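Number of protein chains: 2
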Amino acid sequence: MNTAAAVADFRRYPLIFAMTAAAPLTDRVHVTWADGRTSPFHHPWLRDNCPCAQCVYSVTREQVLEIVDVPEDMAPSTIHLDGEGCLCVDWQDGHQSRFDPGWLRAHAYDDQSRAERLANKPRRHLWQHDLQLPVFEHAALMDDAEALLQWLLAVRDIGLTQVRSVPTEPGSLKQIAQRISFIRESNFGVLFNVQSKADADSNAYTAFNLPLHSDLPTRELQPGLQFLHCLVNDADGGESIFVDGFAIAETLRQEDPDAFDALCQIPVEFRNKDRHSDYRYLAPIIALDALGQVSEIRMANFLRGPFDTSVEQMPRLYHAYRRFIALTREPHFRLARRLEPGQLWCFDNRRTLHARNAFDPASGARHFQGCYVDRDELLSRILVLQR
Amino acid sequence: MNTAAAVADFRRYPLIFAMTAAAPLTDRVHVTWADGRTSPFHHPWLRDNCPCAQCVYSVTREQVLEIVDVPEDMAPSTIHLDGEGCLCVDWQDGHQSRFDPGWLRAHAYDDQSRAERLANKPRRHLWQHDLQLPVFEHAALMDDAEALLQWLLAVRDIGLTQVRSVPTEPGSLKQIAQRISFIRESNFGVLFNVQSKADADSNAYTAFNLPLHSDLPTRELQPGLQFLHCLVNDADGGESIFVDGFAIAETLRQEDPDAFDALCQIPVEFRNKDRHSDYRYLAPIIALDALGQVSEIRMANFLRGPFDTSVEQMPRLYHAYRRFIALTREPHFRLARRLEPGQLWCFDNRRTLHARNAFDPASGARHFQGCYVDRDELLSRILVLQR
Numbered sequence: 001m002n003t004a005a006a007v008a009d010f011r012r013y014p015l016i017f018a019m020t021a022a023a024p025l026t027d028r029v030h031v032t033w034a035d036g037r038t039s040p041f042h043h044p045w046l047r048d049n050c051p052c053a054q055c056v057y058s059v060t061r062e063q064v065l066e067i068v069d070v071p072e073d074m075a076p077s078t079i080h081l082d083g084e085g086c087l088c089v090d091w092q093d094g095h096q097s098r099f100d101p102g103w104l105r106a107h108a109y110d111d112q113s114r115a116e117r118l119a120n121k122p123r124r125h126l127w128q129h130d131l132q133l134p135v136f137e138h139a140a141l142m143d144d145a146e147a148l149l150q151w152l153l154a155v156r157d158i159g160l161t162q163v164r165s166v167p168t169e170p171g172s173l174k175q176i177a178q179r180i181s182f183i184r185e186s187n188f189g190v191l192f193n194v195q196s197k198a199d200a201d202s203n204a205y206t207a208f209n210l211p212l213h214s215d216l217p218t219r220e221l222q223p224g225l226q227f228l229h230c231l232v233n234d235a236d237g238g239e240s241i242f243v244d245g246f247a248i249a250e251t252l253r254q255e256d257p258d259a260f261d262a263l264c265q266i267p268v269e270f271r272n273k274d275r276h277s278d279y280r281y282l283a284p285i286i287a288l289d290a291l292g293q294v295s296e297i298r299m300a301n302f303l304r305g306p307f308d309t310s311v312e313q314m315p316r317l318y319h320a321y322r323r324f325i326a327l328t329r330e331p332h333f334r335l336a337r338r339l340e341p342g343q344l345w346c347f348d349n350r351r352t353l354h355a356r357n358a359f360d361p362a363s364g365a366r367h368f369q370g371c372y373v374d375r376d377e378l379l380s381r382i383l384v385l386q387r
Numbered sequence: 001m002n003t004a005a006a007v008a009d010f011r012r013y014p015l016i017f018a019m020t021a022a023a024p025l026t027d028r029v030h031v032t033w034a035d036g037r038t039s040p041f042h043h044p045w046l047r048d049n050c051p052c053a054q055c056v057y058s059v060t061r062e063q064v065l066e067i068v069d070v071p072e073d074m075a076p077s078t079i080h081l082d083g084e085g086c087l088c089v090d091w092q093d094g095h096q097s098r099f100d101p102g103w104l105r106a107h108a109y110d111d112q113s114r115a116e117r118l119a120n121k122p123r124r125h126l127w128q129h130d131l132q133l134p135v136f137e138h139a140a141l142m143d144d145a146e147a148l149l150q151w152l153l154a155v156r157d158i159g160l161t162q163v164r165s166v167p168t169e170p171g172s173l174k175q176i177a178q179r180i181s182f183i184r185e186s187n188f189g190v191l192f193n194v195q196s197k198a199d200a201d202s203n204a205y206t207a208f209n210l211p212l213h214s215d216l217p218t219r220e221l222q223p224g225l226q227f228l229h230c231l232v233n234d235a236d237g238g239e240s241i242f243v244d245g246f247a248i249a250e251t252l253r254q255e256d257p258d259a260f261d262a263l264c265q266i267p268v269e270f271r272n273k274d275r276h277s278d279y280r281y282l283a284p285i286i287a288l289d290a291l292g293q294v295s296e297i298r299m300a301n302f303l304r305g306p307f308d309t310s311v312e313q314m315p316r317l318y319h320a321y322r323r324f325i326a327l328t329r330e331p332h333f334r335l336a337r338r339l340e341p342g343q344l345w346c347f348d349n350r351r352t353l354h355a356r357n358a359f360d361p362a363s364g365a366r367h368f369q370g371c372y373v374d375r376d377e378l379l380s381r382i383l384v385l386q387r
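If you're matching them up, the sequences are chains X and G in order. Take 1 as the starting number for the first sequence in UniProt numbering and just add one per residue. Take 1 as the starting number for the second sequence in UniProt numbering and just add one per residue.
FYI, nobody ran anything at the bench for these hints, they're computed from the structure. This one's a predicted model, so the numbers in the text were calculated from it and none came from an experiment. Fair warning: there could be bad hints in the mix.
Copies of one chain are not kept apart here, so a pair can be met inside one copy or by any two copies together.
Stated by the list, open to error - Taking lysine to any residue and the SDA-like style, the derived pairs with C-alpha atoms no more than 25 Å apart in a straight line are:
(1) Lys197 - Gly342
(2) Lys121 - Arg37
(3) Lys174 - Glu185
(4) Lys197 - His276
Please take these sequences and the hints and turn them into a complete structure.
As structure tokens, this is what we get:
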């Protein structure tokens, strides 16, 4: 059994269906599987994915071969299925490749195989005000890999979670965030303190209400996850409010497709500047992935620059922007909770917009700490925990 | 003179042309300037950009007004130009706005004004093997804000620079990178050591040649700037090679537009995985900005996963990929230099692909340190230095 391919990417590729036949065509090998599916594999694809020790360096599991070093018309001289069910290709230049059937099926690119992989991708769960909030216990997340995985899957698929019984010493947030990976630094520091300050360099550091927003829309890549940890909360007001930005975007797409398109197409500048920094980034408010699914909301009214689009588009943009903001204010989208000391929010900053009611700094102390971890780190950690 | 707007974003908006007239239309105000240009400003745009202390919090310079709090059909009751040349708008609800003419001209969105701003954007300089390498002295960059600015402009517009007379103590790289901003951490650390290792977790940490690539194509946002600092280089071989990925992409666009389109359209997965991490990211190799200009190259053959596209597209993708790689190998694109101790490269990791010739670890020691700083930080630092 050729396990080189499986080792090569830290995954197992169990045999699901055997290959029953492999037929050589002019530009490809045509494989038939035990369930009747047929998968073409073009010659360059097979040569490029040869898992042998000459083509892949076994220590790093990284490819050494570059396909451009093989002639463009390289073809097999013979192919066969061996006694262990592997596809063996003898190339015209004498090179030999051997493909494990589990690996080959997992990477087949016939329409049916591709549709199957797509259907198996994780699905997000859209939510409204009545979300059953996913709550996790700090001690379990620190000790138990399975609890950690369940938390991270909820962050990925729901985008809003709460953790309880977190120590209230300043800096405690670091340990729990580092259960995922390193923290993403910003000009506000590694951990940032959310307190009302006289010399605030952002409205976040005042006692004002903050409208629903994503953090750091002024950066090319908005932080993936945001943590907000409550150390002290003796002040009146200051409740946290969340909406599922993806649910709002989908609602807008249904009720006013042109407004939705405007927010997907017209770039808007977000800005954050103080004496030492001057961040500006221009992007549409709604980003779509390659499948047309909403993949990101970029929104913070207080960090937005003047709209700069053509005279023809300007009324359309204002109409769409107003409608989006109006939707974020509809009660059936809004989940409101007061965070108590020892609790923290962990949410998808690019999906779940967050807001804060105004609080009264004269009524008592209020001290939250926050930090960011990027989506890359979340997804990597999930894959490692799932191995 | 109303300077609130100018203060609001740490820029000065000098008066270039005065307003000579402001005419009220149904949905907009029509401004005429002393040079004859005319600029429409829609009512919501004017109300949204009111710089008064009620609408913008003066300490943070961030907007408090949300346009959705103003009726969609809000219109001026009267408008006039005051004695200081400002546009004054009295709104139907009694609110008053006053717009500085320098600020208003800088943000006008008539076609001519928008084209003018576009034309004034920084331009990249494409290069080939005969680039006059921009070289900077470490001491000047550490002390002199003007030298620092010149360096950062070269990084932004050319994408490849060298710094000389850098101390060769390990960690010295940190100080120079932090002249821009904080360093972007990765799973390889804050500073990474480029040395040949027996237990390499990337081909970068072997003595192999490395083909032309960008670093961390496995992450959603590839690092903006890469630094490589030479501490010791007694080994034979190991020359650095650079190509301007944007120049190569433009060449491909000219000679084979369909291959160019394939690399812009078909996403490719890049992977980097070890015992503790499993990063995967799917994106096209060439990214374009909103104007159709090449804005990013994502490329590392040794981190690439199997191509996964439709049967119809697969030969097209292989053809395009081969052609791109073949272009990176053409001598007239390639600049090769051996880095000596005390020298460092700082280059645009998303534009300037880098390679390393194989070296002979038995012939002598070789120790480089590297780190990353993101494009956001570079652009912010340039804007602050230019104030």
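Quiz prompt | Homo-oligomer pair classification [Glu185, Lys174; C-alpha up to 25 Å] | solution = Both: 12 Å inside a copy, 15 Å across copies.
Quiz item: Can you tell me if Lys197 and Gly342 fall within 25 Å by alpha carbon in one copy, between copies, both or neither?
Solution: within (23 Å within a copy, 44 Å between copies)
Practice problem: If the cutoff is 25 Å on CA atoms, where do Lys197 and His276 land: within, between, both or neither? Let me know, please. | Solution: within (18 Å within a copy, 40 Å between copies)
Exercise. Indicate which option fits the pair Lys121, Arg37 if close means a Cα-Cα distance not exceeding 25 Å: within, between, both or neither.
Key: within (21 Å within a copy, 54 Å between copies)
In summary, the structure agrees with every hint in the numbered list given earlier.
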